[in-house]
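Asker: Single-letter residue listing:
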Amino acid sequence: MSCTEIQSQIHDYLDGELSHQEESRFKEHLNTCAKCHQHLLELEKTIALVQSLSHVRTTRDFTEKLLARLPKEKKRQVFAFWMKKHPLVVAASIFILFMIGSSIFSWYGEDRELQISSNALASHSLIVEDGYVYVPEDKVIEGDLIVKHGNIKVSGIVKGNVIAIDGKVLLSSTAHIAGKTEEVNQLLDWIWYKIKSFGYAVVTP
Amino acid sequence: MEAFEKRLLKLSQNGDRQAFGELVDLYKDKINSLAYRMLGNLQDAEDIAQETFMRVYANLHRYDDQYKISTWIYRIANNLCIDRIRKRKVRRNQLSLDAEITGTDGLEYYDTIQDHELTPEQQFLQQEVQEKVKQAILSLAPKYRTVMILKYLDDLSLQEISDIVGLPVATVKTRVHRGREALRKKLRDI
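Read top to bottom, the protein sequences are chains U and D. Read left to right, the first sequence gives residues 1 to 205 (the numbering used here). Read left to right, the second sequence gives residues 1001 to 1190 (the numbering used here).
Everything labelled a hint here was simulated from the structure, so no lab data went into it. Here the structure is a predicted model, which is why all the values come from computation and not from measurement. Where is the CB? At the ideal position from N, CA and C, for every residue including glycine. Please note that a few of the clues may not be correct.
[As the list claims (entries may be wrong)] Result set (DSSO-like, lysine-lysine): computed pairs, CA atoms no more than 27 Å apart in a straight line: (1) U:168 with U:180; (2) D:1006 with U:84; (3) U:139 with U:168; (4) D:1010 with U:65; (5) D:1006 with U:72; (6) U:65 with D:1068; (7) D:1068 with U:84; (8) D:1089 with U:35; (9) U:45 with D:1186; (10) D:1143 with D:1089; (11) U:196 with U:168; (12) D:1068 with U:85; (13) U:45 with D:1132; (14) D:1006 with U:35; (15) U:35 with U:45; (16) U:65 with D:1132; (17) U:35 with D:1010; (18) D:1185 with U:27; (19) D:1173 with U:45; (20) U:85 with D:1006; (21) D:1186 with U:84.
[Stated by the list, open to error] Covered by chain D, per the in silico footprint, the following chain U stretches (three or more residues, Cβ under 8 Å): (22) 54-63; (23) 168-177; (24) 180-192.
Please model the entire structure based on the sequences and the hints provided.
Answerer: Listed below in structure tokens is the structure:
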């Protein structure tokens, strides 16, 4: 085995990558060649020297200093991360915000004219007078009675709900309402009412 | 160990700063050592170590778990070190128009750019040998410096080093061989 061959094997030897056979031939050569032997010794010494270097410790307050430097908006980051993991909640929230927004718009946006929504309109059983919608004692309203920007006065029978938006509901002793009675007078009530009625529409198509 | 680190990482991702602090404690000395051996001065080393963990924190959600956490952190640190060395070189070239030393395969390239100020380390080490070894490593081109430090100071496998520097194992192996030879020439007379 020539010295040139040994030179090319010396690093494989240090990496522990020579086969058994190769290794014995390699060592055989070293026994007879002082130059190659010296080369290997120098490399082994070099490795030992590098390994003898110590690790260098950080200063004692390294971690505290680091933590103090971290950006303060970690809440935002955590929130962003959380949003990525829960896309449905995010979609629902955006939808509800949108609903609230459009409700606010419709609360302020419409003109304040009295509006009636009832399937009894056609039967002329309602009397509209002085900002009041009046259900006379002898009348029966089959469905809901909803009035916007006006008051409701009931003496007769309503088989559905009675709802006054931006108005009051007055009941006389003869009144009978099968459903619920509601007054929606605040913006927040209005938003809640919008969301609820959307909910009902979804649940009971 | 791996599982413990992964748990710390997960907690850190959820905003637990104490867990992140523990993760830092596990690696700060290793990263500081790498940076010190790469850059040759304590102040720069600690700067780089701080910057490394700042980046780790900023990229917690981008951690790719096909690599070990240690690999990922070493990788960030090594890139920052190389970057710092490059910037120093630019600064030096702007200061003086000294010709580059060519024809040495880059091994001797950075011979001239160590800091020669007396570091606190020198005062208490007072070991000529350690200083010589340190200077010998600093005289290597950065790409050899990295593999020699990771292999012999951190005792990492060729595969881990390959993951850290983003090069094939065969390339890393060649660099180890060349690095060893270059250091041998500088250290054989000790």
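Asker: The structure should be examined with respect to each hint, and the outcome stated for every one.
Answerer: Hint check:
{"no.": "1", "hint": "U:168 with U:180", "in the structure": "holds, 14 Å"}
{"no.": "2", "hint": "D:1006 with U:84", "in the structure": "holds, 20 Å"}
{"no.": "3", "hint": "U:139 with U:168", "in the structure": "holds, 20 Å"}
{"no.": "4", "hint": "D:1010 with U:65", "in the structure": "holds, 22 Å"}
{"no.": "5", "hint": "D:1006 with U:72", "in the structure": "holds, 24 Å"}
{"no.": "6", "hint": "U:65 with D:1068", "in the structure": "holds, 26 Å"}
{"no.": "7", "hint": "D:1068 with U:84", "in the structure": "holds, 24 Å"}
{"no.": "8", "hint": "D:1089 with U:35", "in the structure": "violated, 39 Å"}
{"no.": "9", "hint": "U:45 with D:1186", "in the structure": "holds, 12 Å"}
{"no.": "10", "hint": "D:1143 with D:1089", "in the structure": "holds, 15 Å"}
{"no.": "11", "hint": "U:196 with U:168", "in the structure": "holds, 20 Å"}
{"no.": "12", "hint": "D:1068 with U:85", "in the structure": "holds, 24 Å"}
{"no.": "13", "hint": "U:45 with D:1132", "in the structure": "holds, 14 Å"}
{"no.": "14", "hint": "D:1006 with U:35", "in the structure": "violated, 50 Å"}
{"no.": "15", "hint": "U:35 with U:45", "in the structure": "holds, 15 Å"}
{"no.": "16", "hint": "U:65 with D:1132", "in the structure": "violated, 32 Å"}
{"no.": "17", "hint": "U:35 with D:1010", "in the structure": "violated, 55 Å"}
{"no.": "18", "hint": "D:1185 with U:27", "in the structure": "holds, 23 Å"}
{"no.": "19", "hint": "D:1173 with U:45", "in the structure": "holds, 19 Å"}
{"no.": "20", "hint": "U:85 with D:1006", "in the structure": "holds, 19 Å"}
{"no.": "21", "hint": "D:1186 with U:84", "in the structure": "violated, 55 Å"}
{"no.": "22", "hint": "54-63", "in the structure": "holds (count 8)"}
{"no.": "23", "hint": "168-177", "in the structure": "violated (count 0)"}
{"no.": "24", "hint": "180-192", "in the structure": "violated (count 0)"}
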